[in-house]
Amino acid sequence: MKRVRSLHKQQGAEVVEFAISAVLLFTILFGIIEFSVALYDKAVLTNASREGARTGILFRPNPRDIAAENAAIEEAVRNYAEQYLISLGGPADMDISITRSDPDMSPGSDVVVTVDYPYRFLLLPGFVGTLGELIELSAVTTMRAE
0 MKRVRSLHKQ QGAEVVEFAI SAVLLFTILF GIIEFSVALY DKAVLTNASR EGARTGILFR
60 PNPRDIAAEN AAIEEAVRNY AEQYLISLGG PADMDISITR SDPDMSPGSD VVVTVDYPYR
120 FLLLPGFVGT LGELIELSAV TTMRAE
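Sequential numbering from 0 applies to the sequence shown in numbering that gives the first Met the number 0.
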């Protein structure tokens with residue numbers, strides 16, 4: 000009879016131990032997932048800025064129309080981001096800036112595309128207290144016109 004009681008008490012202790020360790024385990028697991036998604040989104044932004052810069056050096060209508068070129072660059076960046084970005088905000092929150100070393104885009108001039116994006120935590124909002132509710136992800140690409 001004593002042996003049965005001993006086993007029953009031990010099972011209760013195992014449940015408490017599991018509950019304590021499961022909270023820690025799942026917090027670490029969700030943290031790994033969260034930062035993996037943020038790193039993936041950073042890579043997507045880098046590729047989106049590359050697509051924009053590539054469009055900027057290839058799309059040169061004659062006569063020059065800077066507004067149309069900027070619109071084409073922004074469209075290329077947003078289209079790429081819409082396809083691959085994993086987050087709640089979507090590309091609508093994205094800030095895109097385009098800088099040219101030469102407005103005429105003569106051969107050898109640079110196009111710099113900068114993409115800034117506020118990444119919001121998906122699983123655990125405010126998971127890391129020092130970072131707040133969002134992290135500003137940024138990507139910069141420079142390409143030279145030929």
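In short, the hints are calculated from the structure, not lab data.
Predicted, not measured: the structure shown is a model, and the values here were computed from it.
Be aware that one or more of the hints could be misleading.
[As the list claims (entries may be wrong)] Below, in silico cross-link-like pairs of lysine to aspartate or glutamate (EDC-like), each with a Cα-Cα straight-line distance of 20 angstroms or less:
{"hint": "1", "residue 1": "K41", "residue 2": "D101"}
{"hint": "2", "residue 1": "K41", "residue 2": "D103"}
{"hint": "3", "residue 1": "K41", "residue 2": "D94"}
{"hint": "4", "residue 1": "K41", "residue 2": "D115"}
{"hint": "5", "residue 1": "K41", "residue 2": "E73"}
{"hint": "6", "residue 1": "K41", "residue 2": "E132"}
{"hint": "7", "residue 1": "K41", "residue 2": "E74"}
{"hint": "8", "residue 1": "K41", "residue 2": "D92"}
[Unchecked claim] Restraint ranges, calculated between C-beta atoms of paired labels, are given here:
{"hint": "9", "residue 1": "V22", "residue 2": "R59", "range": "56 to 66 angstroms"}
{"hint": "10", "residue 1": "T45", "residue 2": "I19", "range": "36 to 46 angstroms"}
{"hint": "11", "residue 1": "V22", "residue 2": "S108", "range": "17 to 27 angstroms"}
{"hint": "12", "residue 1": "D92", "residue 2": "R59", "range": "39 to 49 angstroms"}
{"hint": "13", "residue 1": "S137", "residue 2": "I27", "range": "44 to 54 angstroms"}
{"hint": "14", "residue 1": "A21", "residue 2": "R59", "range": "14 to 24 angstroms"}
{"hint": "15", "residue 1": "R143", "residue 2": "V22", "range": "48 to 58 angstroms"}
{"hint": "16", "residue 1": "G30", "residue 2": "P62", "range": "21 to 31 angstroms"}
{"hint": "17", "residue 1": "T98", "residue 2": "E145", "range": "42 to 52 angstroms"}
{"hint": "18", "residue 1": "N78", "residue 2": "T98", "range": "12 to 22 angstroms"}
{"hint": "19", "residue 1": "L57", "residue 2": "G30", "range": "19 to 29 angstroms"}
{"hint": "20", "residue 1": "A66", "residue 2": "S108", "range": "44 to 54 angstroms"}
{"hint": "21", "residue 1": "R63", "residue 2": "L28", "range": "32 to 42 angstroms"}
{"hint": "22", "residue 1": "G30", "residue 2": "Q82", "range": "37 to 47 angstroms"}
Where is the CB? At the ideal position from N, CA and C, for every residue including glycine.
Hint check results:
With a C-alpha separation of about 28 angstroms, the suggested pairing of K41 with D101 is violated against the 20 angstroms cut-off. In summary, the hint linking K41 to D103 is not supported, as the alpha carbons are separated by about 31 angstroms, beyond the 20 angstroms threshold. Taking the CA atoms of K41 and D94, the gap is near 14 angstroms; set against the 20 angstroms cutoff, the hint holds. Taking the CA atoms of K41 and D115, the gap is near 10 angstroms; set against the 20 angstroms cutoff, the hint holds.
A threshold of 20 angstroms between alpha carbons decides the hint, and for K41 with E73 the separation of about 17 angstroms falls inside it, so the pair holds. This hinted pair checks out: K41 and E132 have alpha carbons roughly 17 angstroms apart, not beyond 20 angstroms. Between the alpha carbons of K41 and E74 the distance comes to roughly 19 angstroms, so the proposed pair stays at or under 20 angstroms and holds. For a cut-off of 20 angstroms, the pair hint linking K41 to D92 stands: about 14 angstroms separates their Cα positions.
The supplied range of 56 to 66 angstroms is met by V22 and R59, whose beta-carbon atoms lie about 58 angstroms from each other. A C-beta distance of roughly 40 angstroms is found between T45 and I19, which places it inside the suggested range of 36 to 46 angstroms. For V22 and S108, the Cβ-Cβ distance of about 56 angstroms falls outside the hinted range of 17 to 27 angstroms, so the restraint is violated. Checked against the given bound of 39 to 49 angstroms, the beta carbons of D92 and R59, roughly 30 angstroms apart, lie outside it.
A hinted range of 44 to 54 angstroms is violated for the C-beta pair S137 and I27, which are about 27 angstroms apart. For A21 and R59, the hinted distance range of 14 to 24 angstroms is not satisfied, since their beta carbons lie about 59 angstroms from each other. Taking 48 to 58 angstroms as the suggested C-beta distance range, the pair R143 and V22 conforms, at roughly 53 angstroms. Look at G30 against P62: about 53 angstroms separates their beta carbons, and that is not inside 21 to 31 angstroms.
A C-beta distance of roughly 18 angstroms is found between T98 and E145, which places it outside the suggested range of 42 to 52 angstroms. Taken as a hint, the range 12 to 22 angstroms holds for the pair N78 and T98, whose Cβ atoms sit roughly 21 angstroms apart. For the pair L57 and G30, the supplied restraint of 19 to 29 angstroms is violated, since their beta-carbon distance comes to about 41 angstroms. A beta carbon spacing of about 18 angstroms between A66 and S108 contradicts the range 44 to 54 angstroms that was offered as a hint.
A beta carbon spacing of about 53 angstroms between R63 and L28 contradicts the range 32 to 42 angstroms that was offered as a hint. Between G30 and Q82 the beta carbon distance is about 27 angstroms. The supplied range of 37 to 47 angstroms is therefore violated.
Violation of the numbered hints given earlier is confined to hints 1, 2, 11, 12, 13, 14, 16, 17, 19, 20, 21 and 22; the remaining hints are satisfied by the structure.
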